[in-house]
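Undergrad: What follows is the residue order along each chain.
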Amino acid sequence: MATVTLSAVTKSYAGNAVIHGIDCAIEDGEFVVIVGPSGCGKSTLLRMVAGLEAITGGTIAIGGRVVNRVEPKDRDIAMVFQNYALYPHMTVFQNMAYGLKIRGLGRDEIRARVDKAAEILQLGALLERTPRQLSGGQRQRVAMGRAIVREPQVFLFDEPLSNLDAKLRVQMRVEIKRLQQRLGTTSIYVTHDQTEAMTLADRLIVLNGGVAEQIGRPIELYERPASLFVAGFIGSPAMNFLDGVVGEGGGVTLAGGTPLAPLPHGAPVGAAVTVGIRPEHLVPTAEGEAAAHLHVEMVELLGADTIVYGSLGEGGPSLLLRLNGIAEIAAGARLPLGFPVEQLHLFDKTSGRRL
Amino acid sequence: MESRSGRLAWLPHLILVAGLALVGFPIYVTFVGSTMTTPDILSGRMSLIPGGHFVENYLAALTQGMPQLSGVPVARLMANSLVMALSIALGKMLISFLSAYAIVFFRFPGRMVCFWMIFLTLMLPVEVRIVPTFQVTANLGLIDTYGGLAIPLIASATATLLFRQFFLTIPDELIEAARLDGAGPLRFLVDVLLPLSRTNLAALFVILFVYGWNQYLWPLLVTNTASMTTLVVGIKSMLTVDANTPWHLVMAMAILAMVPPAAVVLLMQRWFVKGLVDSEK
Chain A
1 MATVTLSAVT KSYAGNAVIH GIDCAIEDGE FVVIVGPSGC GKSTLLRMVA
51 GLEAITGGTI AIGGRVVNRV EPKDRDIAMV FQNYALYPHM TVFQNMAYGL
101 KIRGLGRDEI RARVDKAAEI LQLGALLERT PRQLSGGQRQ RVAMGRAIVR
151 EPQVFLFDEP LSNLDAKLRV QMRVEIKRLQ QRLGTTSIYV THDQTEAMTL
201 ADRLIVLNGG VAEQIGRPIE LYERPASLFV AGFIGSPAMN FLDGVVGEGG
251 GVTLAGGTPL APLPHGAPVG AAVTVGIRPE HLVPTAEGEA AAHLHVEMVE
301 LLGADTIVYG SLGEGGPSLL LRLNGIAEIA AGARLPLGFP VEQLHLFDKT
351 SGRRL
Chain B
1001 MESRSGRLAW LPHLILVAGL ALVGFPIYVT FVGSTMTTPD ILSGRMSLIP
1051 GGHFVENYLA ALTQGMPQLS GVPVARLMAN SLVMALSIAL GKMLISFLSA
1101 YAIVFFRFPG RMVCFWMIFL TLMLPVEVRI VPTFQVTANL GLIDTYGGLA
1151 IPLIASATAT LLFRQFFLTI PDELIEAARL DGAGPLRFLV DVLLPLSRTN
1201 LAALFVILFV YGWNQYLWPL LVTNTASMTT LVVGIKSMLT VDANTPWHLV
1251 MAMAILAMVP PAAVVLLMQR WFVKGLVDSE K
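Quick note, the sequences are listed as chains A and B, same order.
Numbered per our numbering, the first sequence spans residues 1 to 355.
Numbered per our numbering, the second sequence spans residues 1001 to 1281.
What the hints contain is simulated information worked out from the structure, not anything from laboratory work.
Where is the CB? At the ideal position from N, CA and C, for every residue including glycine.
Hints are supplied without guarantee of correctness; some may be wrong.
Claimed, not checked - So, partial list: chain A residues that the calculated Cβ filter (under 7 angstroms) puts toward chain B: (1) 52; (2) 70; (3) 72; (4) 73; (5) 79; (6) 83; (7) 85; (8) 93; (9) 98; (10) 99; (11) 309; (12) 311.
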């Protein structure tokens, strides 16, 4: 078990900066998820912790020891790769035992550790098979077993579930979480899937273009996104964004001319803002109390939820609405909507920062 | 194809049988000749049924000193051929495996220069460089030695390129996983790369063994004494201009020269096909 401390970590390839100074202190036993769109540098960051990429600037410390110049094998970490990276010619047992064998552990000790990991991951019956005889989910488990037997200070996961089908992904997600809680090992997990990120993380790092947009608990990010990017990335379906202007007395008026109830913010009069509201926070109201009307274009009935696609007035900005349960709404209907003040997010239109 | 039925079913078989007969008949005649006496062969009406001198002829060829070969028996020539073919095959595999490993997995100055130099040698056929190669070999005192027979033929651009292509298909993550497991370059080579390459190695061995065994021009140049020459060269030496050529023994030698490469191909057929068809990843 160990802490992982990133201080002003930067990375550039031939002068092109891809990671712009990340600071993050990961506590002992914490599960941190790095999430972001593809190309945001999240895998690069993880690989720098692993020692597979050189660190251009700043320091990375594992358990208080700066590891910038330490070989991957000596960092006391274990990594699970996206394509599993199992040795194709070795059996499951040999795959898990290989690292221990190189470390010079005794035969009995190796056997004991592999058996223990196999039991945790329910791989006992598969130990003599080769990877090609396993299904995707089983290979994934072997890859995790290979990490567990090392008893490392830190687990690193590089999009480990993205090669699995949707159902298996949910199942393995739960297994990973359970495993991490059981072992209590500090873990860093990279994904582009915001659901995985929200469900697994103790803390989230949202990365965009090599910059940490926000670091915090998943619920914090959901409730108080620090920027437009985080607001749009966390939550599914994504948050609605509407243009607005700060009027006299601080009240915000939407682009279509809809005035919103006054809400606290520090923006000056006349400033262009972006108003964000999550689809699940928009509420249909009685005709008389409506702040605006949604022109319904399409309705998706998912059973547990109903997703309503529409626009704010005819030809206005498009808007998504998520209602609990089954709501019988016809396309073409005019739905009176309320904007609950406490659920509105206000962002500076130019900088994208929260106001 | 089992599903092919009807009147055309015999056609592919006919073509195959015709092809087989075309290739097989001369070999069969050689075999028949090797079981006869020279007067039988030269009588002008050679039978196509094997004669009764099989054991006698082969025993004579293998053990008797041949006057045309300064009294060296064919068994010695076979041993020479075997040593040369094995040295070339194994040497080529070793050298090209290691050079491909260096080119693919290591970053060192001049890496691409090395690669292109190896690549360029593909464009020089043996005949073009045979005179300078002979000069070097002679200066090194390797005339009439196994070293002289094998070493100049060991460097192989083709095999290096083949291994390079295979190594490039190995996913980066596998290399990184090995690094995290603590496997150094040598351990990775032995524990991961070598087992993964075995079908490629087997296929290459078959090709290179046959290549080495069938060499003619180079052994002809680099050996002067009959006891150091190879079977393929030996057959040619048996054909004298006067009428004294022992055709029955020449035929037996030709058959003997065909047996080892055929055996290697047959024994390693399964691996050979596997190595050529899939890269077993």
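Undergrad: Hint by hint, note whether the structure agrees.
TA: Evaluation of the provided hints:
{"no.": "1", "hint": "52", "verdict": "holds, 5 angstroms"}
{"no.": "2", "hint": "70", "verdict": "violated, 12 angstroms"}
{"no.": "3", "hint": "72", "verdict": "holds, 5 angstroms"}
{"no.": "4", "hint": "73", "verdict": "holds, 4 angstroms"}
{"no.": "5", "hint": "79", "verdict": "holds, 6 angstroms"}
{"no.": "6", "hint": "83", "verdict": "holds, 6 angstroms"}
{"no.": "7", "hint": "85", "verdict": "holds, 4 angstroms"}
{"no.": "8", "hint": "93", "verdict": "violated, 14 angstroms"}
{"no.": "9", "hint": "98", "verdict": "holds, 5 angstroms"}
{"no.": "10", "hint": "99", "verdict": "holds, 4 angstroms"}
{"no.": "11", "hint": "309", "verdict": "violated, 40 angstroms"}
{"no.": "12", "hint": "311", "verdict": "violated, 46 angstroms"}
Checked against the numbered hints above, the structure breaks hints 2, 8, 11, 12 and satisfies the rest.
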